[in-house]
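Colleague: Each chain is listed here by its residues.
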Amino acid sequence: MTQPVSPAQQQQDGPVVTTTKSPTPQSAWRALGLRLDVRNLSLLGVLAVLVAVGGFTKPEQFLDSSNLQLVLTQASVIGVVTVGMTFVITSGGIDLSVGAIVALASVWATTLATQEYGFAGILFTAVIVGLACGLVNGLLIAYGGMVPFIATLAMLASARGLALQITDGKTQIVTVETVLDLGIPDAYVLGIPPLVLVFAVVTVVGWLLLNRTTFGRRTVAVGGNAEAARLAGIDVRRQRLYLYLLSGLCCGIAAFLLIILSGSGQNTNGNLYELDAIAAAIIGGTLLSGGRGTIVGSVLGVLVFTTITNIFALNNLQSDVQQIAKGAIIVAAVLVQRRTARDGEA
Amino acid sequence: MPETSRRGLLFGTAAVSAGALLTACTSNEPKKQEPAANNAPAADDKPGKKVTIGFAGPQADHGWLNAINENAKSRAERYSEVTLEITEGSNDTAAQIGQVQTLINKKVDVLVILPADGKALTQVGLQAMKAGIPVVNLDRIFASPQAYRCWIGGDNYGMGLNAGNYIGEQLKDKPNAKVVELAGLDNLELTKQRSQGFADALKNYPNVKRVARQAADFTVESGQAKMAQLLQAQKKFDALWNHDDDQGVGALRAIQQAGRDDFLMVGGAGAKAAMDAIKADNSVLKATVLYPPTMAASAIDLARALGQGKGVSGMSELEIPASITLYSAVVTKDNVDDYLPTGFS
Chain C
1 MTQPVSPAQQ QQDGPVVTTT KSPTPQSAWR ALGLRLDVRN LSLLGVLAVL VAVGGFTKPE
61 QFLDSSNLQL VLTQASVIGV VTVGMTFVIT SGGIDLSVGA IVALASVWAT TLATQEYGFA
121 GILFTAVIVG LACGLVNGLL IAYGGMVPFI ATLAMLASAR GLALQITDGK TQIVTVETVL
181 DLGIPDAYVL GIPPLVLVFA VVTVVGWLLL NRTTFGRRTV AVGGNAEAAR LAGIDVRRQR
241 LYLYLLSGLC CGIAAFLLII LSGSGQNTNG NLYELDAIAA AIIGGTLLSG GRGTIVGSVL
301 GVLVFTTITN IFALNNLQSD VQQIAKGAII VAAVLVQRRT ARDGEA
Chain D
1001 MPETSRRGLL FGTAAVSAGA LLTACTSNEP KKQEPAANNA PAADDKPGKK VTIGFAGPQA
1061 DHGWLNAINE NAKSRAERYS EVTLEITEGS NDTAAQIGQV QTLINKKVDV LVILPADGKA
1121 LTQVGLQAMK AGIPVVNLDR IFASPQAYRC WIGGDNYGMG LNAGNYIGEQ LKDKPNAKVV
1181 ELAGLDNLEL TKQRSQGFAD ALKNYPNVKR VARQAADFTV ESGQAKMAQL LQAQKKFDAL
1241 WNHDDDQGVG ALRAIQQAGR DDFLMVGGAG AKAAMDAIKA DNSVLKATVL YPPTMAASAI
1301 DLARALGQGK GVSGMSELEI PASITLYSAV VTKDNVDDYL PTGFS
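Chains as they are written, first to last, in my numbering: chain C, 1 to 346; chain D, 1001 to 1345.
Among the hints, erroneous ones may be present.
As the list claims (entries may be wrong) - Pair by pair, the computed Cβ-Cβ distance ranges are:
hint: 1; chain 1: D; residue 1: Gly1098; chain 2: C; residue 2: Tyr143; range: 43 to 51 Å
hint: 2; chain 1: C; residue 1: Glu177; chain 2: D; residue 2: Gly1132; range: 53 to 61 Å
hint: 3; chain 1: D; residue 1: Gly1098; chain 2: C; residue 2: Ala325; range: 56 to 64 Å
hint: 4; chain 1: D; residue 1: Asp1186; chain 2: C; residue 2: Ile128; range: 30 to 38 Å
Stated by the list, open to error - Pairs of lysine-lysine residues, derived as DSSO-like cross-links and limited to a Cα-Cα distance of at most 30 Å, are as follows:
hint: 5; chain 1: D; residue 1: Lys1235; chain 2: C; residue 2: Lys326
hint: 6; chain 1: D; residue 1: Lys1192; chain 2: C; residue 2: Lys326
hint: 7; chain 1: D; residue 1: Lys1178; chain 2: C; residue 2: Lys58
hint: 8; chain 1: D; residue 1: Lys1236; chain 2: D; residue 2: Lys1192
hint: 9; chain 1: D; residue 1: Lys1310; chain 2: D; residue 2: Lys1209
hint: 10; chain 1: D; residue 1: Lys1236; chain 2: C; residue 2: Lys326
hint: 11; chain 1: D; residue 1: Lys1235; chain 2: C; residue 2: Lys58
hint: 12; chain 1: D; residue 1: Lys1203; chain 2: C; residue 2: Lys58
hint: 13; chain 1: C; residue 1: Lys58; chain 2: D; residue 2: Lys1279
hint: 14; chain 1: C; residue 1: Lys58; chain 2: D; residue 2: Lys1174
hint: 15; chain 1: D; residue 1: Lys1279; chain 2: D; residue 2: Lys1073
hint: 16; chain 1: C; residue 1: Lys58; chain 2: D; residue 2: Lys1209
hint: 17; chain 1: D; residue 1: Lys1236; chain 2: C; residue 2: Lys58
What the hints contain is simulated information worked out from the structure, not anything from laboratory work. Backbone N, C-alpha and C fix where the C-beta goes; we use that ideal spot for every residue, glycine too.
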């Protein structure tokens, strides 16, 4: 069982990087802290390189403050999903249904019936649908004994199908002004789009939850060794249920953000979010086998992907090139991490 | 059109029944609208001998494909002697082949097939023709002319051509005019044809240059995301051509969010939302190039004529033609009222 490491601790450990070779008494903590620190540092490095590339190729457009807002806004929907995913993966699980849940929540929240109830109706429906899907996932996995991969794959199929059935293949355009207004610059708080604020709040809450609460410690414990966690008195099944509920909740929030962003609900929403969220969490340093998770790393992972997309679009490169680059970045980031992780341990 | 949500196939039975129940409570659609485009049918209206038409299409996960299904159904209902056997839409090639084979085994009189992938369905088209069932190939064309008796579909190249010529005319007096293109799914042949037509049209106007092109996925979400990036990349341009009105909903949202109104936008396909916006004339969207889903209604007309051995009224030939390509008209504020009834949502 490992202890989660907070960025605050990483901060303290930062200067120690130069003295890696000197042995320290609290080596277990230090080594772990240092290792995660190097992981996030390497991601920050990738991000810095990307910013340099963007600034060099398109200085006027890339370094514009409106572009920074754009990158953060585009990161917010998938970012919220990734925070939930990070918890699930940390516990040793996986949630393949996130994209489909976002689609279902967004179309259900934008049906004409829901739009009659305005802002609250749309927000409430999105969150409830997200939680309901998370509940089904959680019950199937925690109490039905299903493998997370299979249970959430089934949810992916049925939620997408249901979303298609509800929309009948049509795009549901949102006419509720109070929802639409949140997506235009008039609603910005101190120059920050509301979507980005929600993303920031979800990130901070997620970080606190994972690193500063019993819930977080239990999550890591379940992911590290479920049997040991059970013997230590943790209700593993209930913990798993909560984790899939949490992921569903994040999908519901993300669906609401997507409704604000696109002004509509469509059954194709959230396409391939599951893969993007998993990729961001993994390159962020969360272990796919469970037992270790980092919210900061996941968010950095999301930012890396969004920044690449932005730079490629600014330079008018086509989507095939973008996909190839994305794949290359995933491989490179994971290879760099494995190397730095080994160096950190040495 | 988009080839997404292949996963819809995996449905658990529980999910299906729950889904049916829940959808019933959703009340999304106050009343079912009869899709328009009920102009004069190809063959005459008088009931003839009984015809059973088999219809197989892709999964209707997109506004345009949904309109295709509705057009086919409502046109078939207009003929008392026509029975329509419609299969569950699928984007899975193997599944669609199976569905067509089932229709062949049922010995329908005529087949209308809109393949998810024209090349991949060619063999089963041949099989039907060899079994003596004439095939009307709708839109996405089979690889061999032997696989169909008649092809009817849209003109993707013409769409790009007409969009380009319209934009060129609007900008012809503007020196160094800049044009941006928001394309559809780049892995579809039709996207390449649309872009080629657009590029060829712009050659007629030496003062107009295409400065950027990004591909989206035919979805609202992708349209918003890609357009937001394009607006960031191009601080000033004069016209935008967007290949698809569904992704155009997202593109218009991005334009609104960026607070830009310094260019004119031309859409594609002919969604009702786009035509409403053109009519209201309160956004950058000034025109859309049609790719009408009414072709499905025409395909039913042709299939009926084939089944009854008739020609097309208004033409001298005894048989229906081997191929019909629709015209991609440019819908503007001036003629939008004529086309509004064909708009799909």
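Colleague: Can you name, in rising order, the numbers of the hints this structure does not satisfy?
Modeller: Numbers 1, 3, 9, 13, in rising order.
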